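Here is what each chain is made of, one letter per residue.
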Amino acid sequence: DSGVTQTPKHLITATGQRVTLRCSPRSGDLSVYWYQQSLDQGLQFLIQYYNGEERAKGNILERFSAQQFPDLHSELNLSSLELGDSALYFCASSASGKLDTQYFGPGTRLTVL
Amino acid sequence: AQSVTQLGSHVSVSEGALVLLRCNYSSSVPPYLFWYVQYPNQGLQLLLKYTTGATLVKGINGFEAEFKKSETSFHLTKPSAHMSDAAEYFCAVSGSGTYKYIFGTGTRLKVLA
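Here the protein sequences come in this chain order: A and B. Mapping of the first sequence onto the working numbering: position 4 corresponds to residue 4, and the numbering continues sequentially without gaps. Mapping of the second sequence onto the working numbering: position 77 corresponds to residue 1077, and the numbering continues sequentially without gaps.
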């Protein structure tokens, strides 16, 4: 158990809908990262937050957004969902003093029908 | 820019045989290198990492990797494969700054009885 929690574990929804994925980092970790894992794109970095501030952006679609709250949990919002958004979404966290090492949550499997 | 190449999307070894999973990287800054393992329907677990210092890195479950700057490689090895090693293995690179990971495409390891 990495100490990173993600909810829900599974999510099934329809095209055009909006969903919110939640991540709680390890206790004390200030940095949160979101990744998408799909069969055709592999594991791709989406976005990073550090202590509430956006730190880096990767291949994140404009329909996707994220935020990190004062209690350090993070949410990834996916809107106008398309079939191609079906994937496993991982959250990872790292400690402020050890930004190099990320600890991954179990992931949320999103299925868009 | 950073990138990772994992040679061989599928590798099969006999139980007790040497495991060798290949990873080559490209990085314009001193790299941090990682190997993660993903078991079916689970998140990513850190096996080992190289940031600075000793180039031969030992990880969990008997795995080790050697950072070879001249060859831009970070291959993962284990002297004797166990059935429980069957999983997908990902090599990742990051660097100072945002510390976002760039992942390879993964290698699925099959261990034959």
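Be a bit skeptical, because a hint or two may be false.
To be verified - Which residues of chain B face chain A? A partial, calculated answer using Cβ under 7 angstroms:
1) Y1032
2) Y1039
3) G1043
4) L1044
5) K1100
6) F1103
7) T1105
To be verified - Ranges between beta-carbon positions, derived for each pair:
8) A:Q17 x B:S1070: 48 to 58 angstroms
9) B:A1001 x A:T7: 41 to 51 angstroms
10) B:L1056 x A:L39: 33 to 43 angstroms
Because the hints were derived from the structure by calculation, they are not lab data. Nothing here was measured: the structure is a model prediction, and the numbers come from that model. Even for Gly, the Cβ is constructed at its ideal location relative to N, Cα and C.
Quick rundown of the hints versus the structure:
For Y1032 of chain B, the interface hint holds, since its Cβ comes within 7 angstroms of a Cβ in chain A; the closest pair sits about 5 angstroms apart. A distance limit of 7 angstroms between C-beta atoms decides the matter here; for Y1039 of chain B the minimum to chain A is near 11 angstroms, and the interface restraint is violated. With a least beta-carbon distance of about 4 angstroms to chain A, the hint placing G1043 of chain B at the interface is held under the 7 angstroms criterion. Taking 7 angstroms as the C-beta contact cut-off toward chain A, the hint placing L1044 of chain B at the interface holds, the least distance being around 4 angstroms.
This hint holds: K1100 of chain B has a C-beta 5 angstroms from the nearest C-beta of chain A, less than the 7 angstroms allowed. For F1103 of chain B, the interface hint holds, since its Cβ comes within 7 angstroms of a Cβ in chain A; the closest pair sits about 4 angstroms apart. With 7 angstroms as the threshold, the beta carbon of T1105 of chain B comes within range of chain A, its nearest partner Cβ sitting at about 5 angstroms, so the hint holds. Restraint check, Q17 of chain A to S1070 of chain B: a C-beta distance of roughly 51 angstroms satisfies the suggested window 48 to 58 angstroms.
The hinted window of 41 to 51 angstroms between A1001 of chain B and T7 of chain A is violated, with their beta carbons roughly 34 angstroms apart. Taking the beta carbon of each, L1056 of chain B and L39 of chain A are about 34 angstroms apart, inside 33 to 43 angstroms as hinted.
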